[in-house]
Amino acid sequence: MTTTPTKAAVPKAQAAPGAHIELGRIFLFLGACAIGFWVFFEILAVVLKYMPEPIGSRADLFSSGAKQTLVLTLTAGVFGLIAGVLAGLGKLSKKPWIRIPTDFYVWIMRGTPLLVQILFMYYAVPALLPWLRLNEFSAACLALALNVGAYNAEVIRAGVQAVPRGQREAAESLGLSSGQTMRWVVLPQAIRIVIPPLVNNIVALLKDSSLASTIGLLELSLAGNRISSETFMPVPVLTTVAAVYLLLTSALSIITHFLEKRLAVGRRN
Amino acid sequence: MTTKNASSEPMIVAKDVCKSYGDFQALKGVSLEVAKGEVVVILGPSGSGKSTFIRSVNFLEQFQSGEIRVENIKVESGEALRQIRQEVGMVFQSFNLFPHLTVIQNITLAPRKVAKLPEEEAKQLARELLHRVGLSAHSEKFPDELSGGQQQRVAIARALAMKPKVMLFDEPTSALDPEMISEVLAVMKELAKSGMTMLVVTHEMGFAREVADRIIFFDEGKIVEATTPQKFFENPSHERSKLFLSQILKR
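If you read the sequences in order, they're chains A and B.
Heads up, the first sequence is in the working numbering, so the first residue is 12 and it goes up one at a time.
Heads up, the second sequence is in the working numbering, so the first residue is 71 and it goes up one at a time.
No lab work stands behind these hints: they were computed from the structure.
Owing to the predicted nature of the structure, the values given are computational and were not obtained by experimental measurement.
Glycine is no exception: its CB is placed at the ideal position from the N, C-alpha and C atoms.
Check before you lean on any hint, since a few could be wrong.
Covered by chain B, per the in silico footprint, the following chain A stretches (three or more residues, Cβ under 8 Å) [to be verified]:
1) 185 to 196
2) 199 to 212
3) 228 to 237
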């Protein structure tokens, strides 16, 4: 067969239309990201150690706080993405018994403060459901995931709706079921549309995770707050906290920028 | 009816099909039979319901009353619909190729996912079809690397990959630059010659005259005239058809 001289990135003769090989690549990419973050924290810990007082002697607290913040963000981010996809598709459902509960969920989560949601999850939920015992991390993680999930849902819904109607019609006129049409035609195109706004949500989530300090989760901002009141040196301490947040959000943006390029293997019109 | 190669058994039977959008009645009781192997061209002014009708045949438009049968299977939502859609290929005005898939992936998607063909078989089929539409050299390209005419030929190949018994063409050349129209029409002519049952909405009078077994003229949601191309173009029996022709041929 003939080959095209263009586009070195175009995968040749792959198994499935698009998806399988992309999935493999994504896992590879996520692995690389994990290693990247590990290296990032190693370097961060060393750099902080050589900072002047009061940072240097408390470098461990800073870097463990930063790790906690990142783990919290990524865990809540993954669950928030799952919640967002489910709720986003739910909002598009024709069946009212699916659509109405998802609309209700999004309405509640977007209409109440995240701080209240975190406090509710930690203090009120155990009172309501005594069998459910949430520690600080799982309460914060659950609240953050449900919150970002609601925002993701709107993004996913908009992304699916942004795929031209003709795409769905072409797929269905070929005999694809609506599930197959979603899986092979609509979602792969929607993903390209929704990545930038989803990144936005993740960056916001990372910053919002500082609210978990209110229920005593020792993440970056609580660590900073403690050191600050211990040392009475708010300026260097809080500056360091802000700088670490900035590093983390920048790293997330860079990673997702590459992810965006990876996923853009096929192009849009 | 003078039909070249049509057998008596109808492929498509539409009875009194009605469809409205709110107050606007797009189809006001359309009845039509299309025989096996017949090429039917639907003409008519914009908004006369011809696209709505052709889209009703594979239920992309849900009509409110009346009945359409394809090979005696009723067109309605439900299990049978996917079966009908596999037997009815459709080509759209705006091509609607899948932009995230290469040409060959566009063609093999439905054979693999719907007809469950093994990958190699699907690819072989796709290569044959690409050869048929004259695009063998472009199988690994993405749709946006092709011209409009090439994209539409890929779209035809994609529809043919499900081995349909009927092909619907909804203004297949209306979005094309003039010099690309003929390459698409050539593919359609070849398809007609091969004995495919075709229902074609178009403004290409030359194609209608040359290829059609029958011309159906639509106006205001109804069939005004159904006759042979010769009679329609040389001696139309309705005032509305005469007006339409005079305006079209004036160009």
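Cross-check of the supplied hints:
1. 185 to 196: Coverage by chain B holds for the region 185 to 196 of chain A (7 residues, Cβ < 8 Å).
2. 199 to 212: n = 3 at 8 Å, threshold three: holds.
3. 228 to 237: violated (count 0)
Checked against the numbered hints given earlier, this structure breaks only hint 3.
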